[in-house]
Amino acid sequence: MAVKATKSKSKRAPKAAKSNLQASGEELLQYYREMLMIRRFEEKAGQLYGMGLIGGFCHLYIGQEAVVVGMQAAVTDDDAVITSYRDHGHMLACGMDPRGVMAELTGRSGGYSHGKGGSMHMFSKEKNFFGGHGIVAAQVPLGTGVAFAHKYNKTKNVSLTYLGDGAINQGQVYESMNMAALWSLPVIYVIENNKYAMGTSQERASAGTELYMRGTAYGVPGEQIDGMDVVAVRAAAEMAVTHCRDGKGPFILEMMTYRYRGHSMSDPAKYRKREEVQKMRSERDPIEHVRQLLLDGGYADEDVLKQFGREVKDIVSDAAEFAQNSPEPDMSELWTDILVDA
Amino acid sequence: MPIQVLMPALSPTMTEGTLAKWLKSEGDAVSSGDVIAEIETDKATMEVEAVDEGIIGKLLVAEGTEGVAVNSPIAVLLADGEDASAADVAAPAAPAPVAESPVAAEPAAAAGPAPVQSIAAEPEWTGATVTQTLRESLRDGMAEEMRRDEKVFLIGEEVAQYEGAYKVSQGLLEEFGAERVIDTPITEHGFAGLAVGAGFMGLRPVVEFMTFNFAMQAIDHIINSAAKTLYMSGGQMGCPIVFRGPNGPASRVGAQHSQCYASWYAHCPGLKVISPYSASDAKGLLKSAIRDPNPVIFLENELIYGNSFDVPEDDDYTVPIGKAKVLREGTDVTLIAHSIMVGRALEAADTLAGEGLSAEVIDLRTIRPLDLETIIESVKKTNRVVSCEEGWPFAGIGSEIAMIVMENAFDWLDAPVGRVAGLDIPMPYAANLEKAALPQAEHIVEAAKTACYRT
Numbered sequence: 000m001a002v003k004a005t006k007s008k009s010k011r012a013p014k015a016a017k018s019n020l021q022a023s024g025e026e027l028l029q030y031y032r033e034m035l036m037i038r039r040f041e042e043k044a045g046q047l048y049g050m051g052l053i054g055g056f057c058h059l060y061i062g063q064e065a066v067v068v069g070m071q072a073a074v075t076d077d078d079a080v081i082t083s084y085r086d087h088g089h090m091l092a093c094g095m096d097p098r099g100v101m102a103e104l105t106g107r108s109g110g111y112s113h114g115k116g117g118s119m120h121m122f123s124k125e126k127n128f129f130g131g132h133g134i135v136a137a138q139v140p141l142g143t144g145v146a147f148a149h150k151y152n153k154t155k156n157v158s159l160t161y162l163g164d165g166a167i168n169q170g171q172v173y174e175s176m177n178m179a180a181l182w183s184l185p186v187i188y189v190i191e192n193n194k195y196a197m198g199t200s201q202e203r204a205s206a207g208t209e210l211y212m213r214g215t216a217y218g219v220p221g222e223q224i225d226g227m228d229v230v231a232v233r234a235a236a237e238m239a240v241t242h243c244r245d246g247k248g249p250f251i252l253e254m255m256t257y258r259y260r261g262h263s264m265s266d267p268a269k270y271r272k273r274e275e276v277q278k279m280r281s282e283r284d285p286i287e288h289v290r291q292l293l294l295d296g297g298y299a300d301e302d303v304l305k306q307f308g309r310e311v312k313d314i315v316s317d318a319a320e321f322a323q324n325s326p327e328p329d330m331s332e333l334w335t336d337i338l339v340d341a
Numbered sequence: 000m001p002i003q004v005l006m007p008a009l010s011p012t013m014t015e016g017t018l019a020k021w022l023k024s025e026g027d028a029v030s031s032g033d034v035i036a037e038i039e040t041d042k043a044t045m046e047v048e049a050v051d052e053g054i055i056g057k058l059l060v061a062e063g064t065e066g067v068a069v070n071s072p073i074a075v076l077l078a079d080g081e082d083a084s085a086a087d088v089a090a091p092a093a094p095a096p097v098a099e100s101p102v103a104a105e106p107a108a109a110a111g112p113a114p115v116q117s118i119a120a121e122p123e124w125t126g127a128t129v130t131q132t133l134r135e136s137l138r139d140g141m142a143e144e145m146r147r148d149e150k151v152f153l154i155g156e157e158v159a160q161y162e163g164a165y166k167v168s169q170g171l172l173e174e175f176g177a178e179r180v181i182d183t184p185i186t187e188h189g190f191a192g193l194a195v196g197a198g199f200m201g202l203r204p205v206v207e208f209m210t211f212n213f214a215m216q217a218i219d220h221i222i223n224s225a226a227k228t229l230y231m232s233g234g235q236m237g238c239p240i241v242f243r244g245p246n247g248p249a250s251r252v253g254a255q256h257s258q259c260y261a262s263w264y265a266h267c268p269g270l271k272v273i274s275p276y277s278a279s280d281a282k283g284l285l286k287s288a289i290r291d292p293n294p295v296i297f298l299e300n301e302l303i304y305g306n307s308f309d310v311p312e313d314d315d316y317t318v319p320i321g322k323a324k325v326l327r328e329g330t331d332v333t334l335i336a337h338s339i340m341v342g343r344a345l346e347a348a349d350t351l352a353g354e355g356l357s358a359e360v361i362d363l364r365t366i367r368p369l370d371l372e373t374i375i376e377s378v379k380k381t382n383r384v385v386s387c388e389e390g391w392p393f394a395g396i397g398s399e400i401a402m403i404v405m406e407n408a409f410d411w412l413d414a415p416v417g418r419v420a421g422l423d424i425p426m427p428y429a430a431n432l433e434k435a436a437l438p439q440a441e442h443i444v445e446a447a448k449t450a451c452y453r454t
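Same order as they appear, the protein sequences are chains A and E.
First residue of the first sequence: 0, per numbering that gives the first Met the number 0; consecutive thereafter.
First residue of the second sequence: 0, per numbering that gives the first Met the number 0; consecutive thereafter.
Hint data in this document are derived by calculation from the structure and do not stem from the laboratory.
We treat Cβ as the ideally placed atom computed from N, Cα and C, and that holds for glycine.
Honestly, I wouldn't trust all of these hints.
Claimed, not checked - Derived, one-sided and incomplete: chain E residues facing chain A with beta-carbon distance under 7 Å: (1) P11; (2) A43; (3) Y230; (4) G233.
Stated by the list, open to error - Derived SDA-like pairs (lysine to any residue); straight-line CA-CA distance at most 20 Å: (5) A:K272 x E:E46; (6) E:K23 x E:E65; (7) A:K278 x E:P427; (8) E:K227 x A:D340.
Same shape as in the complex, but just chain E (with noise of 0.2 Å):
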């Protein structure tokens, strides 16, 4: 059979071109990879290398041709012993279809995300407690998960011998060894991206990053290797990784080490986010993350790391990752937050109920995926939303709170959605305007006012 050689499309966008040249007669013998032709389109001249052996039988547009379609045949080539009458039975045959799927797709309404599950709460815990710092239940909750599971091991800069550069990896490296307590080089992207290499291996890696500042230098292997990699791999191949860290403003650090992280990560498919406030749900959570399958970022906060509360004494305690808690109950409106802002908020709620306004405190805990069933009950209940965070307003957890308000729960808003957030400025250094720059309980108590028209 004679076999057509056709327009080759040079980009996808390609759907014509000029054909310049033959480099090859009629008559001449092409093997794979020779170059028989040059073609032109307004962007750049290419070559067309013959992809079959055989004979130019003919060649079907002349050179200089101009506005040959892409996918017409532009030369017939013979097999070996066939001549050239049957090039001519080759040569009017139909260009070939274009990338035609031969299956209809079906309309994009036909699928979609699946439905937002209801994740239960944790058990309320009525066994015995301890108290304990933010900081040693976080170590407490990586030696238990190393203790249940060998593959689970701790990376990170000063995380070993110095025992965390904020001592929150204290006694791991006594009791598990060098072998899976492993201080790194300061190398955040590589140290990142051979953790993710090594979650792909399905060990477990927990990645410290001294704060989460240095990880923007790891976030193409956060993002583009961990995050997409389960997609990209049609399911095969995914990372159960925990990136963690002391997150958000610190003290007197200046702008490049004082700025929350949580709405750049909860932007992106593929991630779970979490951001805990109390020590016994950030033992839990931690814990929860670890055994999770997915890549899981882990946002602490370094100026609570020394706080005190009463955590479950039970090794195999855990709180459900995706899973918002209502910290106090009220009818007027509803503060939601995160981290240390859960703090500033249950003060907040102090001075409103002084002020005879009932306000219900969510601490969210998980940031994605956000707890919606929780949000909107609260909203059903109040009627009233002040969104609370440090970080910068401008595409923050706040304005996605406000969307998915708007979208679930709209006929029982009273008043727009409030949002208390960090000064949308780079973190000023000096005492006074840094203290200007974070959001307070003072703001929450205005904002919540404001939604209740009690300003």
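Isolated chain A (complex conformation) (with noise of 0.2 Å):
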């Protein structure tokens, strides 16, 4: 009974409160454009790593943009993110420059770690981004930390700590909703399951694959979310940013999204068929929708939507360039940043 009682906390959003949630035309027009920017870097990115100008691992974000511009759409820029390796969405979203971003994936003095982090360790202190962690789920307890600075410091901010379906796995994940629970940390523990941890599809992994119920044994609230729809995604985003901040500790919200591309560059994705992206990205695309959405509302026409693009597409090949052009580190910056200066 005492398990029933708990379950009843954790709940999948009811389709019938998806379907009232509403946006402006404004807002949606915010949307198309934040994940229209997040797609075309991110094909960018794809381009400049098979041309050799970007090495090493990069994880693309194509297809889970609604997940993370819808829970940017509910939280303050005090408020603070951090996320795994897969984080150029991440940080465009949370407003960091384009150009800055891809310097970096070129490894460029003008990146934002200046060339010594690379894709997947990326920060900025200014726009309260956390990181950029490589380490599969070592940023779980490092959000559950800045949320636990939060509430230190007694601020209402809260930590937006996003996780994949490969993480959920880690034990570390466990340690920190326990401590997040037992102390009501601030935290959101956003999962974005994507369905595959690399090769592994989630039902080969995960031993109960309603992730959102992981919290369940803490008395953490979890709901599942539609991860491809923007509006959906703010509309859960604000139930648990309001949440945390009313001191009732952290929340789980599992959004259902799909990455359209490998792993990482060099993962040709065989442990799946190519209708099933296919079908994705045909039914189920997150800024198609957005695209229906404002055309149909008569939020916005053709054009508008194709001078929109022609913006974002101005603002990345700007960042293409910034990130070709930008020089090599210095090489005395092969021993800077290693302790600072007492």
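Dock chain to chain to rebuild the complex, using the hints, since each chain is given by itself in its own frame.
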């Protein structure tokens, strides 16, 4: 019986509630633009990778744009964001400069980390973006610690701590949820469930695939959300943020989403059928969804959206150009930033 | 302007591949993200997606062509209104240059680590002192820093209500309350990561590990999250944090609870590592560690928590990180030790004096940054060195001392550097075996006599 009682705290977002959600034309235009920016930026990053201008690991966010854009629509600049290595979209959504992000991808001095971090390791204190972490799930206790500091400092700010459906099986996630619940920390665990942990499908990795229920043992409420619908994401985020700001402790949002590309650039993604990817692309694309809402609602016509596309493309082209022309870091950078002078 | 579609690289090592299949034909419209072709390498088949939108004007490479170089044009994309003749113009263009730096890199030799800075020792204390145990001095050090800076908090297992598994945090909960003295569940990986996150936010966590053996659960956050973030962020985001607790062999607790982590942590750039012996050094160094803007590993020793020392009576007395201390001056051989081994080195020096050998004893106090200056100055005087540690010998602190002495004072050496260390085995439980596994004063005496050719 106890299980049942606890379970009622975690529930799927009712379908009716989702369809009731309304966003203004202005808001939809903003989300469209932000998502398009991420999409075009990532496509460009993929292209630069193909040209050998970006090295090592490069994890693209294409397909998942609605998650971070919808979440960001529900928070303020003083709230914190932390995520894993699939981080370019989060940085752009936090308002970080596309030039600085792209130049970090190319390993140049104009990058956010002066070329010393790369795709997986960028930070912006100014934008309250806490990385960019390459060890799967390491960002979960770190983000919980950011929430701890919010509470310690007696602010009302929240910590948006993103993790994937792969990270959810790491022990430190549960260590974090336990402490966050014990101490009522204002942290929202946003699980971006894109169905594959690298090449291992969720079904093969997770016993119990309802990931929003993973906090049940600690009394952490969770909801499963359509992560391809930016308005549904925003509504869920607003509810979770209110929960946190009211001092009620952590919240889990499981975002059902999909990545169109492989795990990283060097993953041919043979573990899923092309038809599966095509189906998601053609039927559930988050950007196309908003585009239709804009056209159907009469908020914008094709010309306006094309103009948006050109503006975004110009920004991305400029970032790519900057990233190729910015000089490589000076050799003196090898030995700086190891320790702060005491 | 027609756009050239280039042969992409699937990995940083790929130089050419096979254009296996075209999925679009000349005249087809494509938009960003559309798969236009499949390419193969020896490792995998991958899809090529269009990055720009337009109409395929011309396919430049036929299906099945092998050995297509990365970055060579494979198709031409036409924008709205352009006709196929534009494609002809675009076709012969030279391949885009492969990632070449617009700025010539300086030779690596042009840069190097910052020169070792001479760190001034703390002034000799001439004021009043109080006799305190190591345990009490650590508590006072934390309490004083918590009074001084409200960003400082203590977190760990049993630190609050229980007042510390080894009673180091006695009275802190009462004075500072549960918001700043925080009992955690048994969850080292989690609370270490949580504290690092709080450190990113500018708080100054003091993390107590019940013993450093349990910090193995948290070592990913100590190294990957705390030590490396400043560098990875280009200096933007650091982590002022102290990880402290008992380290080194305890007594009759078996292999998992008896080992020294000095060399493990000292291996990693981005960390400072402290391992004090006396209560006054422990307190002064802990205060410096809490004020330091970097991650600091503070290695204590359970077996000497109850030892008493004279400690300066001054809330602002600190000891600089990175400065060793000559505890006893000598002329024949230098004994270099840290933590509990300092006591054994002093004992050995007494024995050696009785045999007519004058030993100089250096307490390293800080392992990283290592005080090269004090070590080398002593070696130049005595010409003989014995390193003393409880940790395993392989890649230990003694190995590093031997290396830096060779690099900096080779011509002053009159004998090979001697090494006293724990035996290269997991710690046994049986009383006789454990005793045999640990380095004692007599081993130091023996090594010193060998270095002085007095066997």
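Here is how each hint holds up against the structure:
Annotation: interface hint on P11 of chain E holds; nearest CB of chain A at approximately 5 Å, less than 7 Å. The restraint placing A43 of chain E at the interface with chain A holds, with a minimum CB-CB distance near 4 Å, inside the 7 Å limit. For the restraint placing Y230 of chain E at the interface with chain A, the shortest Cβ-Cβ distance is roughly 5 Å, inside the 7 Å limit, so the hint holds. Interface restraint check for G233 of chain E: the shortest CB-CB distance to chain A comes to about 4 Å, inside 7 Å, so the restraint holds.
With a C-alpha separation of about 13 Å, the suggested pair K272 of chain A and E46 of chain E falls inside the 20 Å cut-off, and the hint holds. For a cut-off of 20 Å, the pair hint linking K23 of chain E to E65 of chain E stands: about 19 Å separates their Cα positions. This hinted pair does not check out: K278 of chain A and P427 of chain E have alpha carbons roughly 62 Å apart, beyond 20 Å. With a CA separation close to 15 Å, the supplied pair K227 of chain E and D340 of chain A stays within the 20 Å bound.
Going down the numbered hints, you'll see the structure goes against just number 7.
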